[in-house]
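Student: Model the full assembly from the supplied sequences, consistent with the hints where possible.
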Amino acid sequence: MQKIVELRSAVALVGRFPALAGVDLDVHAGEVVLLSGHNGAGKSTLLRMCAGLVPIASGSVIVLGEDLRRNRSAVRRRVGLLGHQTFLYEDLSVIENLDFWSRATGGEKDDGRAALDRLGVAPRLHEVGVRSLSAGQRRRVSFAAMICRRPELWLLDEPHAGLDSAGRDTVDDLVNEAAERGATVLVVSHELDRAERIATRHVTIDAGVVQAGVATCQPDGAGPTDDS
Amino acid sequence: MIRDILLIAGKDLRIEGRSRIGVAQVLPFALLVLLLFAFALDPDRGVLQAATPGLFWVTVLFASVLALQRNFGIEAEDGIIDALRLSGIAPASIYLGKVLALIVQLAALELVLVAAVAVFYNTDFHGVPLLVAIAAATTVGIAATGSIYGALAARLRSRDTILPLLILPLLAPVLISATRGSEVALRGEAGTGWSWAALLGLFAGAYLVVGAVLFSPLLEDA
Amino acid sequence: MTPSNSASDTATDSAPTGSRSALTSTSSTGSRALGAAALITVALGIVYGLIISPPDAKLGSTVRIIYLHVPTVLAAYLAFIITAVGSAMYLFKKTEFWDLLASSAAEIGVIFFAVTIIDGALWGKVTWGVFWRWEPRLTTSAVLLLMYIGYLAIRALPADPHTRATRSAIVGLVAVVNIPIVHKAVDWWRGIHQGQTVLGTVDPNMAGNQLFAMYMSMLAGILVFVWLLIHRFRVGYLTERTEDVALAEAIEARRLENVGHGG
Amino acid sequence: MTNFYIAAAWVITLGVVGGYALTLVIRGRRLSRLVPAERRRWMADASRDVDADTADATTADFGSVDNIGQSATRSHAAHGGAGGASHV
Numbered sequence: 114m115q116k117i118v119e120l121r122s123a124v125a126l127v128g129r130f131p132a133l134a135g136v137d138l139d140v141h142a143g144e145v146v147l148l149s150g151h152n153g154a155g156k157s158t159l160l161r162m163c164a165g166l167v168p169i170a171s172g173s174v175i176v177l178g179e180d181l182r183r184n185r186s187a188v189r190r191r192v193g194l195l196g197h198q199t200f201l202y203e204d205l206s207v208i209e210n211l212d213f214w215s216r217a218t219g220g221e222k223d224d225g226r227a228a229l230d231r232l233g234v235a236p237r238l239h240e241v242g243v244r245s246l247s248a249g250q251r252r253r254v255s256f257a258a259m260i261c262r263r264p265e266l267w268l269l270d271e272p273h274a275g276l277d278s279a280g281r282d283t284v285d286d287l288v289n290e291a292a293e294r295g296a297t298v299l300v301v302s303h304e305l306d307r308a309e310r311i312a313t314r315h316v317t318i319d320a321g322v323v324q325a326g327v328a329t330c331q332p333d334g335a336g337p338t339d340d341s
Numbered sequence: 454m455i456r457d458i459l460l461i462a463g464k465d466l467r468i469e470g471r472s473r474i475g476v477a478q479v480l481p482f483a484l485l486v487l488l489l490f491a492f493a494l495d496p497d498r499g500v501l502q503a504a505t506p507g508l509f510w511v512t513v514l515f516a517s518v519l520a521l522q523r524n525f526g527i528e529a530e531d532g533i534i535d536a537l538r539l540s541g542i543a544p545a546s547i548y549l550g551k552v553l554a555l556i557v558q559l560a561a562l563e564l565v566l567v568a569a570v571a572v573f574y575n576t577d578f579h580g581v582p583l584l585v586a587i588a589a590a591t592t593v594g595i596a597a598t599g600s601i602y603g604a605l606a607a608r609l610r611s612r613d614t615i616l617p618l619l620i621l622p623l624l625a626p627v628l629i630s631a632t633r634g635s636e637v638a639l640r641g642e643a644g645t646g647w648s649w650a651a652l653l654g655l656f657a658g659a660y661l662v663v664g665a666v667l668f669s670p671l672l673e674d675a
Numbered sequence: 003m004t005p006s007n008s009a010s011d012t013a014t015d016s017a018p019t020g021s022r023s024a025l026t027s028t029s030s031t032g033s034r035a036l037g038a039a040a041l042i043t044v045a046l047g048i049v050y051g052l053i054i055s056p057p058d059a060k061l062g063s064t065v066r067i068i069y070l071h072v073p074t075v076l077a078a079y080l081a082f083i084i085t086a087v088g089s090a091m092y093l094f095k096k097t098e099f100w101d102l103l104a105s106s107a108a109e110i111g112v113i114f115f116a117v118t119i120i121d122g123a124l125w126g127k128v129t130w131g132v133f134w135r136w137e138p139r140l141t142t143s144a145v146l147l148l149m150y151i152g153y154l155a156i157r158a159l160p161a162d163p164h165t166r167a168t169r170s171a172i173v174g175l176v177a178v179v180n181i182p183i184v185h186k187a188v189d190w191w192r193g194i195h196q197g198q199t200v201l202g203t204v205d206p207n208m209a210g211n212q213l214f215a216m217y218m219s220m221l222a223g224i225l226v227f228v229w230l231l232i233h234r235f236r237v238g239y240l241t242e243r244t245e246d247v248a249l250a251e252a253i254e255a256r257r258l259e260n261v262g263h264g265g
Numbered sequence: 017m018t019n020f021y022i023a024a025a026w027v028i029t030l031g032v033v034g035g036y037a038l039t040l041v042i043r044g045r046r047l048s049r050l051v052p053a054e055r056r057r058w059m060a061d062a063s064r065d066v067d068a069d070t071a072d073a074t075t076a077d078f079g080s081v082d083n084i085g086q087s088a089t090r091s092h093a094a095h096g097g098a099g100g101a102s103h104v
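Residue numbers (this note's numbering), protein chains in the order written: chain A, 114 to 341; chain B, 454 to 675; chain C, 3 to 265; chain D, 17 to 104.
For the record, the hints were derived by calculation from the structure and aren't laboratory data. A virtual CB, placed ideally from N, CA and C, is assigned to each residue, including glycine. Accuracy of the hints is not assured; some may be wrong.
Said to hold, decoys possible - Among chain D residues calculated to face chain C with C-beta under 7 Å, some are: (1) TYR21; (2) VAL27; (3) ILE42; (4) LEU50.
To be verified - Chain A stretches covered by chain C per the calculated footprint, using a threshold of three residues with CB under 8 Å from any CB of chain C: (5) 200-207; (6) 220-232; (7) 315-322.
To be verified - Here are some chain A residues the structure puts well away from chain B; computed CB gaps all over 12 Å: (8) HIS151; (9) ASN210; (10) ASP212; (11) ARG237; (12) ARG251; (13) ASP277; (14) THR283.
Tutor: Quick look at the structure:
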């Protein structure tokens, strides 16, 4: 099966600090991989590295067939990152943000509205400035902006954090649908019970090194055995 | 490319339309500076009239620094830089979009200031084509250099102090050229003024190229 | 390549105690030879510039300040060109060498430019009776000095090496483009209002000991500049070495954290 | 008075440049003590110029020069509150 993420001894520096100290990881198309680990283990850096945002000091990082050591920006348009930050302009309204980001990533004008509906953001909130939204609402809007991009690789950093139970269910549904359509998902989460329900494989990472990647989470999960 | 430039510029102008920082803060500041010059220099003995071009452009320069800080402050908040990098828009397009938005805002500011100068400093306007050419080249020059350093400074903790230190010496030849050129134009002797306009045009053109080239490492690594 | 090798290398050209001190300095055989040459030219420059050279026909004895002014401004411009080349090469190659070269040259350039301006002001005091006139060379120097002070300010902000290098490379390139434009603007500005300046323009009829003094001081300026550049570079290099944790060790330390977490 | 200003110019010029040179030598000596001799490349073969020295370091020394050149884009937790990226 096609490898979407292929890391070999990947070292990523944050400042002069090796946040990732030699990671080996393979993720195949259609997998939903749960990444867990302590605070500061390098999970977020791993996601950002796969998005081409973090310089790679050594090793090999191939994402969606692109060698990121040679060209970090090659994959950026094809991945969707839901990070700790909102990626939204505070001074613009919800719908203005969605329009801007979907058009900036090559989408159409109506993508934004459809995505907001999917995330359960009520139409009355569309014209409201992002500044006056709650954290949970911002999270939904950020997620909507992400799915507007129609990414081939989803990189989700704590997607359930700050959401109510309906929002969490929506996230799970979106991830499942994405996987069915052939997208690949990397989820960082501390809520293992919740995340293991959607993941096909559970990988733990500690102090910048992948520890274990064998557990297959769903009994019916189609995830291939780990060969990293 | 054109589409992306317009998208970025349109977004900036929309944010200005929403927040009105420029209209509510930068513009009043510029008017206040013009007023303060009148207090500092004796308006009755013609000092103010003689110095009008210089005072005008110094005011524009100071107001530009504020506008720059605002315009790049919005890109530094909440992961926007990462989002722009992820969008895949060419850095040169982002740069030119920011420059375009700044040009529009600075041009609007200058128009209001021209009206204010005409009223408060009692200026007679001669050589209007030359004045327009000088103002256009100056505005592009300020926007072109300002967008490089504005983006560079936006993510620094000491951005409010480092930006003027970087940008004002860089704009020294612009201030000289714009002031002398405007003086010549106001005196109605357009001839030599056009070489000042040409120098301003050279400055603007050079920095548009430099900015478009440097914005990639700037966005990526700085 | 080995430490023992290097110790024997330096021992051959130093006094017995010198081999110990040479190990803890930024000098090398080459830089010491260069330093000696620089000192000799500086000494000759002092002797010729202050004593042997006759007063200039037009400038009188103030020509002795010109002997300082020309070499320092020459070295400063040389420095800023090196900064620009180093900056461009850094963005291209992304190696520490070019960053250190660019930043070392910028710091030295600022010092030489500051000295140039001080000398120019003193020359002005003698010639015009005032320290400062808006004379084109001085004005240009003042603007450029402020521009490169901005470079050093950006450089002084704490950041990881690559970020800092990229930032300063951008400033180095943006600044150098401005040099000819500042020149043109200032020349026109002053040229329109008053006659051309004499400061900084060497008399083409200069001859004999006067010419020799000028050439000697220019040579001295360039040698001193190169010596300073080498040493500033090495100081910068050492500063980096004291600040960086070797990556291999850092990765090892990072991996050892796993043990702490119980695997 | 003319001679005074000429003397002042020479003293200031030689003083500032000489003083700067002195600080470089002192800083160099202080820092040299902190860095092992094998990492001070000019010690190894003094006849080579700085360019060759550093080029050599780039290839030979994993973890010093080469990797610094590619290290992270923004200062981060590792640099604490040292400045740099305020939006992190």
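Student: So, for every hint listed, does it hold in this structure?
Tutor: Consistency of the hints with the structure:
{"no.": "1", "hint": "TYR21", "verdict": "5 Å, holds"}
{"no.": "2", "hint": "VAL27", "verdict": "10 Å, violated"}
{"no.": "3", "hint": "ILE42", "verdict": "10 Å, violated"}
{"no.": "4", "hint": "LEU50", "verdict": "5 Å, holds"}
{"no.": "5", "hint": "200-207", "verdict": "violated (count 0)"}
{"no.": "6", "hint": "220-232", "verdict": "violated (count 0)"}
{"no.": "7", "hint": "315-322", "verdict": "holds (count 4)"}
{"no.": "8", "hint": "HIS151", "verdict": "23 Å, holds"}
{"no.": "9", "hint": "ASN210", "verdict": "9 Å, violated"}
{"no.": "10", "hint": "ASP212", "verdict": "9 Å, violated"}
{"no.": "11", "hint": "ARG237", "verdict": "18 Å, holds"}
{"no.": "12", "hint": "ARG251", "verdict": "9 Å, violated"}
{"no.": "13", "hint": "ASP277", "verdict": "22 Å, holds"}
{"no.": "14", "hint": "THR283", "verdict": "22 Å, holds"}
Checked against the numbered hints given earlier, the structure breaks hints 2, 3, 5, 6, 9, 10 and 12 and satisfies all the rest.
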